Structures are given as structure tokens and as C-alpha cells.
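Each chain, letter by letter, is given below.
Protein chains: 2
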Amino acid sequence: MFEYTLEKQDGEARAGVFSTPHGDIKTPVFMPVGTQATVKAMTADQVKDAAAQIILANTYHLYLRPGHELIREAGGLHKFMNWNGPILTDSGGFQVFSLSKLRDISEEGAVFRSHLDGSKHLFTPENVVEIQEALGSDIMMVLDECTPYPADFEYTKNSMEMTHRWAQRARDMKERDDQALFGIVQGGMYPELRKASAQAIAGMDFEGNAIGGLSVGEPKHMMYEMLEAAVPRLPQTKPRYLMGVGSMDALVEGVARGVDMFDCVLQTRVARNGTALTRTGKLVVRNQEYARDFRPIEEDCDCYACKNHTRAYIRHLVKTNEILGSVLLSIHNVRTTIRLMEEIRQNILEGTFAAFRKEFDAAYEE
Amino acid sequence: MFEYTLEKQDGEARAGVFSTPHGDIKTPVFMPVGTQATVKAMTADQVKDAAAQIILANTYHLYLRPGHELIREAGGLHKFMNWNGPILTDSGGFQVFSLSKLRDISEEGAVFRSHLDGSKHLFTPENVVEIQEALGSDIMMVLDECTPYPADFEYTKNSMEMTHRWAQRARDMKERDDQALFGIVQGGMYPELRKASAQAIAGMDFEGNAIGGLSVGEPKHMMYEMLEAAVPRLPQTKPRYLMGVGSMDALVEGVARGVDMFDCVLQTRVARNGTALTRTGKLVVRNQEYARDFRPIEEDCDCYACKNHTRAYIRHLVKTNEILGSVLLSIHNVRTTIRLMEEIRQNILEGTFAAFRKEFDAAYEE
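Taken in sequence, the protein lines are chains C and S.
For the first sequence, counting from 1, position 111 maps to 1253 in my numbering; every step adds exactly one.
For the second sequence, counting from 1, position 7 maps to 1149 in my numbering; every step adds exactly one.
These are calculated hints, taken from the structure and not from any lab test.
The model shown is predicted, which means the values in this text are computed figures rather than measured ones.
Watch out, some of these pointers could steer you wrong.
Since copy identity is lost for identical chains, a pair holds within one copy or between any two.
[To be verified] Here are the simulated EDC-like cross-link-like pairs (lysine to aspartate or glutamate), alpha carbons at most 20 Å apart as the crow flies:
id, residue 1, residue 2
1, Lys1424, Glu1249
2, Lys1221, Asp1320
3, Lys1461, Asp1259
4, Lys1461, Glu1211
5, Lys1461, Glu1215
Please take these sequences and the hints and turn them into a complete structure.
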């Protein structure tokens, strides 16, 4: 279980398969985010129809509501939400830093106040493993400190070193062998720290390795530079996961630097705001120019929205605040992203990824 | 086209078939409401999966947004919203009275201000037929005045008589023979006016006849009394449609009084508020008591929500304001209502409707 098989390498880009108790994952892969045990606005069947192989859920949110013990009672997260494919849960670390009002970080862990009711909670490297064991996800993440951007070298280094110690404590805590645990590389925007962190995390022999603390406000070229520092120092034999990154161009560039797994809330978030993602950038469906546009969002897209509905109709739904507008755009955005990953994978297998990347870049407008 | 075939009468209850250009409708039938060209929170496929035979859309809303001319350009409402089954559009009369701020009713028609931007508009018996011709619905409704409740006899009588004159004007206006036009019986809460109205409307030879102005705040027994006055005076050879009524008990009681068609926003409205309709009343899923209830909403329900999800999960979605909560409850509420109609029809065909009604009443709690 949790074996990564490299099928083909094309430059740094990799096509592989990662096996989990709930099925094999063909990589590179995009994981739709189901923060509160639902990929926002989509049914489990619609997520499946989009050819999602694995979804992500958030430990922080599920711990607060409905509570991990309730999910344990339900038979675990798969059963609770009726998703039979693999699930990855994050550690809650990122949400503690981005959502909770007050927090107090020490060697022990992170004390934080719920963004819902202000109640006080403690996440430690140990209890977030326990919580994720209750959730029963296929892939668990270690608790880390997501270093803010910008941060000075000293702060970043100290934070990174604590993240390493937390990672080891999580590793020591983990018991179930039907759940993988992934370590997380930090190191801010300092290439030498990213290198050191990758080496340290690689040495702990997790089932997979993630790169965290990116896409936190830095320019994209900086994110790519950090990937170039970290990824080559992570084991070839394990999957590499770039956390919280999922714009179309960053997916292509991440794969080009050896990343295998991605997740992002962008797809469903912009959908609820009336924006469709496309191969060449985006289409703000709510704009007046689409009022009488009776074409699908993307002519060649095979999603339910594009096969059945026009831009004009979806714009009408968005303008009238109809839930179906969010539903259709979420379906499209998730599917078009997964379709991109499928094409990327095919090109890697055929050894044509460099040409594909060039063509994609030429057409893409941010 | 637009033939009503009576298959079986059981007491006053009727099982029949009404043919339309977009397919036959087995009656009695419940029509989910798609106010703005979408049954709220449901995809067209989900509406189809609920075994909906016909849906209703609102002329008032579509006239204002996106505009009937845009829908005409799209190829009509069926194509615009990608619903290939029959569609009934109302005349907008009810919304003029319930939604628009200012209105000025005269023999000519109703001047009203849009609830969206305050702009001034005029609905006449003639132009609402034209608007519905642009929409291309299978069944159009005449413009009527929905008499408020309570209203005195004089007002009600005058209003009813104008509604009759408007009905005749609409009848004279109608041109397309691929669209049916239904008249509407008014008469407030006065049985003698309901009788007179039914006779007048019946005499105009519409393809079907509706009873309007009920479920406007009056006690249910009064609504039933009005049905008993009106329905027997409507032709046996045409479908009878009770507008805006769709609670489970009122469906059974309406059928028992000879009604064939119903519509209601209740199903999807209460869904968005966290309430499930059931055969015995309702289940307020958002309540604490369902937090650890791992049963489906209704054990014997065949809807997507009941086949795949628990009360505990749906409650979690409702409590966390997830769109999927509204989606699943809408699916359930529409399907469970249609399932009731299917059983009602089966019982009529088998001549067991009286027993069915008795059993239903015994179990039902408002």
C-alpha cells in the first residue's frame, strides 16, 4: 500500500501511479477541495463525473464542525460524505494561521480560537494525527507552521526547524498502516532553507512529501524558484505534493518541476463568483458581453455544463443569484482542470510535455 | 394536440393523460417550479431523475430577467434552459400582486413597478400572451387579478368579472396552435362567485382550466370548499389545475376534489431552509436531534439524497451553509412529492384512492 510507481519521466515532469486503500491515483493529479466534507456546490456523483481521483478535506473545519468524533461514529469521512475514492486531509495548520483570530504557537503546538465561536483549542503534532485517524483519510498531513510572507531569515529558519521537529513527532505518533502520512517542506522564500527543509523531511521517510508555504502572496517566479530548490531533494520514489496551488499555469509549471499532486480552492471559489476557468485563462461569465452568447463555456469541454448549457443561460443564473449558476461553473472549473491534468499526463507518457507546455504558455493569459 | 384523456375516475379523483408538444403528462401531476428558468438548486438532469413530467416557469421573472426577447433568440425557453419536457408558464399576474411595489389595475391591464429596479411596466391580457409566445411554453396562462384575501363581495365580484373579460381578450389574442392557453377561475372565498366563475371560464373553451386565488392565507377548509364549488362546473374533458398549491395534504385533498395539476414553490423553498418534506409531514433536518442520525431522510425514498446520504450528513451541510445541503433537500422534496403523486395515480387506477386517502390522513401531521 502507498506505493508510488514512476511510469515515465519527461524532463523533470513525472507520470506515475500512487496506490491507496481507496484506489490508485494516476499522477500528476489535481485534487478538488472539499473543505467541509463537500466539494462546494457539487454532489459526490458530479465530482466523480468530473473524473476526480482524490479529494481533499480540511481537518480544521471538520474538527470544529461536525467534530471528528461524530465522523468516526459515522464510520469515517468516506462513509460520512459518501465518497468512495481516496481522501487527503490537511493538518489544519494552514487554517490556524489564516482563519483563527488569536493564536499562540509554541514548541508544544498551536493554541487558537475558533473562527466560529471564539472557543479555545490546541493543535499539536500528535493530536492532529489522532484527529485525522478518526477521520480515516487515506493521506494525512503533519502539522506545520505555514511561514507568513514576507518573513525574515531568522524567523523563517526557526519556524522551519520547529516544523521539522513537529514532523518527527507526528511520524512517531502515527499508528494505522492504512493511512499514509506526508511530511511538509517549509523554508519561506529562501532557497537554501528550502533545500535544507527538503533534505530534512526526505530523511524522515514519509509515504509522500509536500511543499507548503507557497502561493501565500509571493510572485509566481519566486514560487517556482522555491520548487526548483526543494523538489530535486525529495525522493524519486515518493509522490510530491504542492499544497494549495491550482491555477492552470501553476499546474503546468509545477509539473514541469517534478510535482505530482496539487489542490486548490480556486476552481470552486471563482465559480461561486461567476467566473469560468478555461485553457486560455478565464471567462467572466457574469459580464454583459455573454448575455446573448449561445455557445458553451468551452467548445471542446466534456463537462455537464458545457454539454448542456450556454454562456447566456449560465450568465442569467449568475445574475439572478441562482444556485445552479454556482453548480454549473463549479462542475466546469473542476472538470476543465482535471482535463488539463489528463492531457499533461498523456504528454508526459508520450514524451511531448515540453512542446505541450510551450503551446499552453503561448495561449494562456493570466 | 392538447388532448386530455380520462383513464379512470375514482370518486371525484381522476387519472388521465394530457398530451403536449413536448410529451404526454400523466395526471394527477405535481409541477416543480422553475421561477427563473431553473428549478432552484437542481440541474435539469436532477429534475428529470426526480421523474418530473412538466415544470413551471414564471413569466414575470423571465420578462424582467433575462427578457423574453433574449429567450426567443435562444430558441425558446426549452432550449434556453435545456429542459425538453413540457413547460407551463404563468401569466405574471400573481407576481404583479405579490412582488411589485406599486401597481395600478385598470380595464386595460396592470401597471407595475419592477421589484428589481423600480422600472415601470404594463401587463395586458394581450401582451402576456405575446410574452409567453416568445417563451414558447407548452401551456400559457391568461392574465388574471389574484383577488386578495380577505376581500368583500363587491370587490371580489368586480375583480372576477374583469378577470373574465381579460380571459376572453387573451383567448382572442392567442395564435400559435402548438401552445395551449388555460383560463383561470377566480371568485375569492365566495362559493357562488366560484361557481359563476367556473361556468364563465368553462364557456370560453380553453385547452385547460385553472383555479387561482387560493392558498392566499385562508384556512384550508375554505380552500377545499371553493374547490367543491368550482371544479364540478369545469369540463370533464379538460385538465384542471390548482395554482400554487402543493403541500402533501393539499395534493391529496385537491385530487379528491377532481384536480389534475398542481405547482408549488414549497418543496424547494423549505429545502433551502433545511427542512425535508416527508409522507407524514416534515423533518427539520437542521435540528440538533439529527446530528448523529445516520439514517436517510426517508427509509423507502428512492431519491439521490436518500440513496446516498444520511440525516447527519445533510444536517452538517445545512448547519455549515453548504450549497449541497440545499441541493440534496431540494432533490428529496421534489422527488418525494412526485412519488406521492405517482402513488395517488396508481390508487385511482386501481379504484383504491379512498382507502389511500384515509391512510395518508391518519399518518400526516401538519
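Out of the numbered hints, which ones does the structure contradict? 1
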